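S.K.: Here the protein sequences line up with chains A and B, keeping their order.
According to numbering that gives the first Met the number 0, the first sequence is numbered sequentially starting from 0.
According to numbering that gives the first Met the number 0, the second sequence is numbered sequentially starting from 0.
Fair warning: there could be bad hints in the mix.
Each pair may be met inside one copy or between any two copies, as identical chains are not told apart.
List of simulated lysine-lysine pairs, DSS-like, C-alpha gap at most 27 Å [said to hold, decoys possible]:
id, residue 1, residue 2
1, 141, 36
2, 173, 36
3, 114, 141
4, 92, 42
5, 141, 46
6, 60, 92
7, 114, 46
8, 114, 173
9, 173, 60
Rather than coming from a laboratory, the hints here were simulated on the basis of the structure.
Remember, predicted model here, so these are calculated numbers, not experimental data.
2 protein chains.
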Amino acid sequence: MCNQFNTSSMNYTVRDSTREDCRDIMRLIADLSEYEKMPDEVKLTHKELEEDGFSSSPFFKCLVAEVPEEIQSRDGHTIVGYGFYYFTYCTWKGRVVYMEDLYVMPEFRGKGIGKALMSRIAQIGRARGCVRMQFTVLDWNKPSLDFYCGQGALNLTAAEGWQLMRFEGEAFEKLAQATN
Amino acid sequence: MCNQFNTSSMNYTVRDSTREDCRDIMRLIADLSEYEKMPDEVKLTHKELEEDGFSSSPFFKCLVAEVPEEIQSRDGHTIVGYGFYYFTYCTWKGRVVYMEDLYVMPEFRGKGIGKALMSRIAQIGRARGCVRMQFTVLDWNKPSLDFYCGQGALNLTAAEGWQLMRFEGEAFEKLAQATN
Numbered sequence: 000m001c002n003q004f005n006t007s008s009m010n011y012t013v014r015d016s017t018r019e020d021c022r023d024i025m026r027l028i029a030d031l032s033e034y035e036k037m038p039d040e041v042k043l044t045h046k047e048l049e050e051d052g053f054s055s056s057p058f059f060k061c062l063v064a065e066v067p068e069e070i071q072s073r074d075g076h077t078i079v080g081y082g083f084y085y086f087t088y089c090t091w092k093g094r095v096v097y098m099e100d101l102y103v104m105p106e107f108r109g110k111g112i113g114k115a116l117m118s119r120i121a122q123i124g125r126a127r128g129c130v131r132m133q134f135t136v137l138d139w140n141k142p143s144l145d146f147y148c149g150q151g152a153l154n155l156t157a158a159e160g161w162q163l164m165r166f167e168g169e170a171f172e173k174l175a176q177a178t179n
Numbered sequence: 000m001c002n003q004f005n006t007s008s009m010n011y012t013v014r015d016s017t018r019e020d021c022r023d024i025m026r027l028i029a030d031l032s033e034y035e036k037m038p039d040e041v042k043l044t045h046k047e048l049e050e051d052g053f054s055s056s057p058f059f060k061c062l063v064a065e066v067p068e069e070i071q072s073r074d075g076h077t078i079v080g081y082g083f084y085y086f087t088y089c090t091w092k093g094r095v096v097y098m099e100d101l102y103v104m105p106e107f108r109g110k111g112i113g114k115a116l117m118s119r120i121a122q123i124g125r126a127r128g129c130v131r132m133q134f135t136v137l138d139w140n141k142p143s144l145d146f147y148c149g150q151g152a153l154n155l156t157a158a159e160g161w162q163l164m165r166f167e168g169e170a171f172e173k174l175a176q177a178t179n
């Protein structure tokens, strides 16, 4: 799958990622975690990303946005954004496409690349029979909230009160070992 | 997979669901949507549940809790609870097991059935290499929040500010059709 875009100011391609893109995806994952002010949270290894995404039963899918070499980033990169997704399920409505991450390098923002990645994920979800697309955003991340809401996204936490919960570390271990 | 439990007051079994359980699962999904005060939201059909969960590439997995016929519910049911889950992915930590629904019929609560379903999901997730289990709860649902937090769950919306977002209906269609 590959979409070519040519906006007034920039050529770029949105395409499915391959195993060879993992180094770039890891770089962008780290960039996003810094933007989200939790850089120490990234524990994923390059090997895990490769194995979990590019084996016969992948846990996720990932799109990348690529620009021609002549307009590469200041530090020499041509993969300038990514959209990371997978399929989930809602017992009320059915199939759901879930966008885990959406990120575009700062120097390439404002060109429609983020919107193109997000639209492509929605398109893939729709083709697979999904009725909605879900994702999470940090409440202080006003530019992203404005961007998503401007496209018609609904904040379910604000509208209906949904809280995202997690078992991790010792609590997760204890739960997995519990016997009644 | 099947776990037999025999607590002081009740025998029950937690097991993988089969296609034949779909009618009971649909009934419990409807019960949960009433408890969550959104009964009109359930649009899923019995056929969709069967096709999406019990084909060669299932979108979800579901456990059921079953009691012997002699202690069936007042209206004659032996499937008295369910735990609905699937696998997702975190670009910071890797594999995640996601518990979409956890529900036990009111007359069978307080016997450890909910905890047993939840523990089994964590156990399955752990065996599959997951490092955490995630789920959502409505902010007004104090009994459930207390139950989960009592087991060590963290409310990420309260702690870090994560907001659950959604594109649906016209906004989702528009996004899927957008071209830059």
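S.K.: It remains to establish, for every hint, whether it holds in the given structure.
M.R.: So, going through the hints one by one against the coordinates:
no.: 1; hint: 141 - 36; verdict: within (14 Å within a copy, 30 Å between copies)
no.: 2; hint: 173 - 36; verdict: neither (29 Å within a copy, 32 Å between copies)
no.: 3; hint: 114 - 141; verdict: within (17 Å within a copy, 38 Å between copies)
no.: 4; hint: 92 - 42; verdict: between (34 Å within a copy, 5 Å between copies)
no.: 5; hint: 141 - 46; verdict: neither (34 Å within a copy, 41 Å between copies)
no.: 6; hint: 60 - 92; verdict: both (22 Å within a copy, 16 Å between copies)
no.: 7; hint: 114 - 46; verdict: neither (29 Å within a copy, 34 Å between copies)
no.: 8; hint: 114 - 173; verdict: between (41 Å within a copy, 12 Å between copies)
no.: 9; hint: 173 - 60; verdict: between (31 Å within a copy, 22 Å between copies)
Checked against the numbered hints above, the structure breaks hints 2, 5 and 7 and satisfies the rest.
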